[in-house]
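Engineer: Using the hints provided, position chain U relative to the given structure of chain A.
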Amino acid sequence: MTALMRPALELSGVSRSFGAVRALSGVTLTIEAGKCLGLVGHNGAGKSTLMNILAGALRPDQGTLLFDGQTMDNVTVASAQKLGVRCVFQELSLCPNLTVAENARVLHPSIKGLGWRKRAGKLIGDMLDRIFPGHDIKPDALAADLSIGRRQMVEIARAFTVTDGGQLRLVILDEPTSSLDATTARQLLAFVREEIRTGVSCILISHMLGEVLDYSDQIAVMKNGQLVATGPVSDFDRQSLVDLMSGGEHPDRGVHARAAHKFENAPIAVRAERAGRGLPFIARHGEVIGLAGLAGHGQTEFLVSVYDAAKKSRSEIHVDGEVCFVAGDRQSDGVFPLWSIADNIAVNSLRVLRNRGLLARSLEHALAQKWGSVMNIKAPSLEDEILSLSGGNQQKALFARALATTSSVVLMDDPMRGVDIGTKLDVYDIIAKEAAEGRSFVWYTTEFEELEYCDRIYVFQNGRIVSELAGDEITEVGVIGSSFKDSNAA
Amino acid sequence: MTDIALNQSRWHFSNWPVWLWSFLGALIVWVASFSLAGQGASGMLVAALSFAVFTVLVGLGQMFVITLGPGNVDLSIPATIGLASAVAMKVMDGQNSLILFGLLAALVCGLAIGGFNYMLIRLLRIPPIVATLSASFIIQSVGISYGRGLQIKPPAALTDFTFSRIIGVPVLTIAAVILSVIAWLVLNKTIYGRTVSAVGQNPRAAHFAGLSVERTRLLTYLMSGVLAALCGALLAAFSGGSSLSMGKEYLLTSIAVVVLGGTSVAGGRANVPGLWGGALFLFMVSTLLNTAGFGSGLRDVLTGLIIVIAIALAGSRSASR
Chain A
1 MTALMRPALE LSGVSRSFGA VRALSGVTLT IEAGKCLGLV GHNGAGKSTL
51 MNILAGALRP DQGTLLFDGQ TMDNVTVASA QKLGVRCVFQ ELSLCPNLTV
101 AENARVLHPS IKGLGWRKRA GKLIGDMLDR IFPGHDIKPD ALAADLSIGR
151 RQMVEIARAF TVTDGGQLRL VILDEPTSSL DATTARQLLA FVREEIRTGV
201 SCILISHMLG EVLDYSDQIA VMKNGQLVAT GPVSDFDRQS LVDLMSGGEH
251 PDRGVHARAA HKFENAPIAV RAERAGRGLP FIARHGEVIG LAGLAGHGQT
301 EFLVSVYDAA KKSRSEIHVD GEVCFVAGDR QSDGVFPLWS IADNIAVNSL
351 RVLRNRGLLA RSLEHALAQK WGSVMNIKAP SLEDEILSLS GGNQQKALFA
401 RALATTSSVV LMDDPMRGVD IGTKLDVYDI IAKEAAEGRS FVWYTTEFEE
451 LEYCDRIYVF QNGRIVSELA GDEITEVGVI GSSFKDSNAA
Chain U
1 MTDIALNQSR WHFSNWPVWL WSFLGALIVW VASFSLAGQG ASGMLVAALS
51 FAVFTVLVGL GQMFVITLGP GNVDLSIPAT IGLASAVAMK VMDGQNSLIL
101 FGLLAALVCG LAIGGFNYML IRLLRIPPIV ATLSASFIIQ SVGISYGRGL
151 QIKPPAALTD FTFSRIIGVP VLTIAAVILS VIAWLVLNKT IYGRTVSAVG
201 QNPRAAHFAG LSVERTRLLT YLMSGVLAAL CGALLAAFSG GSSLSMGKEY
251 LLTSIAVVVL GGTSVAGGRA NVPGLWGGAL FLFMVSTLLN TAGFGSGLRD
301 VLTGLIIVIA IALAGSRSAS R
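Those sequence lines, one after another, are chains A and U.
Per my numbering, residue 1 is the first one in the first sequence, and the count goes up by one each step.
Per my numbering, residue 1 is the first one in the second sequence, and the count goes up by one each step.
Isolated chain A (complex conformation) (with noise of 0.2 Å):
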């Protein structure tokens, strides 16, 4: 029993930096042999720095790596996998072009000589046997044909395969069950906690703060690269580890919020209520409207099928008036790079600036001149390259291309990532005197203190809305209380 004891892993003082960026500050973590580890955290806390440190794939700028007592340097991958540490991570690592049975041997190289194959299907059909009874996944069915949720499976009961006197010490599960339904979850979450009583080790990443309350022995929250609690489940429920999250902050509404307003009354801007994805949306003219939840679930792709509905028109999203869009991946959604500063806000209002059918300059620089100066946009001059101002300024003049056009919605995404404080303060100011004269915005952000200028926010979570919050109950607990929400809950 006193071997079951021991640690596993070891970690002091583990520091990693991109750049200016610090992923991970001085993380001390201690994981012992036979438990479960529940890691929370919100979106970029450092949980996935972390894990691909442990999995070799990242090295630490400073610290130490015990493993079984014995210090490690240098791990890579390889190392880590002859250690019998595996890793299942978010973005799925299986190869699309490779079959179940093939993409279990890339794991396995000691699987070789004829009949390879077989072997290997045999080996990755037991385990998802063990792991997901009743699982219809056939080891010759080709990654790419499967669903999300099949190739998480596979990802997953592959993790668990060993060959060879080969053995399981630490299994890493970032977000397992995302793409997993409930009965698979649970039976996942079954099967770990079966193999953890043999001594094997797990650290559970994982959203769903439900699910880690149930599985865990211990639970470490991080917050900005650092540890900010660790201990026994039992320390912890629900509220607490919001509160440790988001930094046990409960802000006031800032001075600079939005004054209630109250727009029952006014018109409809946008209405969208998609089947099998949460609640309705409406936005009203004059609102300001917050896009919440963890990044990248499915906000984006709502703002742009709001944009294209008013194009095309669809049975699901209504929208009154015309709309504009302020991309947030500015290289990618936004500027013309061969353009002017002047043709790039421009760009989107070409319609009304057309004299007897021809373009005309004189009412393009009119147009570009006013809106430039609105949004303070610092340029010698606007006939200058768009790519000669800074980010910030570029952005600026993403803004001024929107409002400068006769549109009634502005749909904004994510739009002040990499923006110093001093433009997103002018911008601010500036959606609060657009809306206030009538116009409506629907705004994504990844950014809690922007959701403060917000009238509503809608919560997201894997592409469904999972709850609005309206003025006093936008705050940052409560919208990471929503945004972590269990789906089966909700």
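Misleading hints may appear alongside valid ones.
Unchecked claim - Below, computed lysine to any residue pairings styled on SDA-like, alpha-carbon distance capped at 20 Å:
| id | chain 1 | residue 1 | chain 2 | residue 2 |
| --- | --- | --- | --- | --- |
| 1 | U | Lys189 | A | Gln226 |
| 2 | U | Lys189 | A | Ser362 |
| 3 | U | Lys90 | A | Asp343 |
| 4 | U | Lys189 | A | Ser340 |
| 5 | U | Lys189 | A | Ala366 |
| 6 | U | Lys189 | A | Leu98 |
| 7 | A | Lys311 | U | Lys248 |
| 8 | U | Lys189 | A | Arg356 |
| 9 | U | Lys189 | A | His365 |
| 10 | A | Lys370 | A | Ala360 |
| 11 | U | Lys189 | A | Lys312 |
| 12 | U | Lys189 | A | Asn355 |
| 13 | A | Lys311 | U | Ser212 |
| 14 | A | Lys138 | A | Leu98 |
| 15 | A | Lys312 | U | Ile138 |
| 16 | A | Lys312 | U | Lys248 |
| 17 | U | Lys248 | U | Ile138 |
| 18 | A | Lys312 | U | Ser212 |
| 19 | U | Lys153 | A | Ala366 |
| 20 | U | Lys189 | A | Lys311 |
| 21 | U | Lys189 | A | Leu358 |
Keep in mind that the hints were calculated from the coordinates and are not lab data.
Structural biologist: Relative to the frame of chain A, chain U by itself:
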């Protein structure tokens, strides 16, 4: 120090408009050829202006297509020229009264080919380079079964028209210059032209800026088809009859004049005046090589080399910007 001073000078060559280079090249080669031959300077110029018309016609279409961005190119131009010339000559049947119908039939043929190209690209999601290349095989086969039989002579009035001059300048050249001015206006002064440039830089951003990306792509391939068809009909009249392989040389030249003229191969930036410089330059080069007595094989090799060098120079120029 002097370098910096030169670069800042207004008259430094780095500040010259891009299209000037192709004209400069044409001028140098022209001077070289008639000095070599010792005569025929003006005759060569008139011939160059006549032949440039056909290159410019297909070049205009190709220029819009290439400006749509990476991967966009119309390789069906030679086949379109071949089929449209056959259709035009057959409909005209050598009669002056049927000229308009013949031209119209050729244009419809060009429209159909452009639409077919776009359909392959859009509906079947085939890359344009493959779509237009495979379309040209289909067009050629249609042309072979359609144009079977004797070569039909063009109506006399049309042939006369292609050779007529006003104050020594070929009428076709004047018409092509007018068409080029219209193309310049379309490119710079219409929403369609602005959209072509925007799509060429970033189709996703163009979509989010409220521009109709797909309609613009369709119009561009239609236009390229129509211009190639017009070129085919006029070329048949000019050269005394249609032939399916008549457009062969326009595969490379249509792309070469676009690039020589300063249009960006990566898309987003087009240059109409440069097309004329490029077309004149190419004609002068082949005349020079002729005068110098090179065989047709060597001529092709040298033409190819010159184009490669010019494109490489154009590339380094834009890279250093």
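Engineer: Hints first: check each against the structure and report whether it holds.
Structural biologist: Now for the hints, and whether the structure bears them out:
For the suggested pair Lys189 (chain U) and Gln226 (chain A), the alpha carbons sit about 57 Å apart, so the restraint of at most 20 Å is broken. Proximity of Lys189 (chain U) to Ser362 (chain A) is assessed by CA-CA distance (about 12 Å); at most 20 Å being required, the pair is judged to hold. For the hint pairing Lys90 (chain U) with Asp343 (chain A), the CA-to-CA distance comes to about 48 Å; that exceeds 20 Å, so the pair is violated. Simply put, Lys189 (chain U) and Ser340 (chain A) have alpha-carbon atoms about 16 Å apart, close enough for the 20 Å limit, and the pair holds.
For the given pair, Lys189 (chain U) sits about 16 Å from Ala366 (chain A) by alpha-carbon distance, which is consistent with the 20 Å threshold. Our distance criterion of 20 Å between C-alpha atoms is broken by Lys189 (chain U) and Leu98 (chain A), whose separation comes to about 52 Å. For the given pair, Lys311 (chain A) sits about 42 Å from Lys248 (chain U) by alpha-carbon distance, which is inconsistent with the 20 Å threshold. In summary, the hint linking Lys189 (chain U) to Arg356 (chain A) is supported, as the alpha carbons are separated by about 11 Å, within the 20 Å threshold.
Of the supplied pair hints, the one linking Lys189 (chain U) and His365 (chain A) holds, its CA atoms being roughly 14 Å apart against a limit of 20 Å. Pair hint Lys370 (chain A) plus Ala360 (chain A) holds up; C-alpha atoms about 16 Å apart against a cutoff of 20 Å. For a cut-off of 20 Å, the pair hint linking Lys189 (chain U) to Lys312 (chain A) is broken: about 27 Å separates their Cα positions. A C-alpha spacing of about 10 Å is found between Lys189 (chain U) and Asn355 (chain A), which places the hinted pair at or below 20 Å, so the restraint holds.
Note on Lys311 (chain A) and Ser212 (chain U): the hinted pairing holds, with a Cα-Cα distance of about 10 Å set against a maximum of 20 Å. Among the hinted pairs, Lys138 (chain A) with Leu98 (chain A) is consistent with the structure: their alpha-carbon atoms are about 13 Å apart, no more than 20 Å. A threshold of 20 Å between alpha carbons decides the hint, and for Lys312 (chain A) with Ile138 (chain U) the separation of about 35 Å lies outside it, so the pair is violated. At most 20 Å may separate the alpha-carbon atoms for a hinted pair to count; Lys312 (chain A) and Lys248 (chain U) exceed this at roughly 42 Å.
Among the hinted pairs, Lys248 (chain U) with Ile138 (chain U) is consistent with the structure: their alpha-carbon atoms are about 15 Å apart, no more than 20 Å. A distance of roughly 12 Å separates the Cα atoms of Lys312 (chain A) and Ser212 (chain U); the hinted pair therefore holds under the 20 Å criterion. The suggested pairing of Lys153 (chain U) with Ala366 (chain A) is violated, with an alpha-carbon distance near 57 Å, which exceeds 20 Å. Between Lys189 (chain U) and Lys311 (chain A) the CA atoms are separated by roughly 24 Å; this puts the pair beyond 20 Å, and the hint is violated.
Proposed proximity of Lys189 (chain U) and Leu358 (chain A) is supported: the alpha carbons are some 5 Å apart, at most 20 Å.
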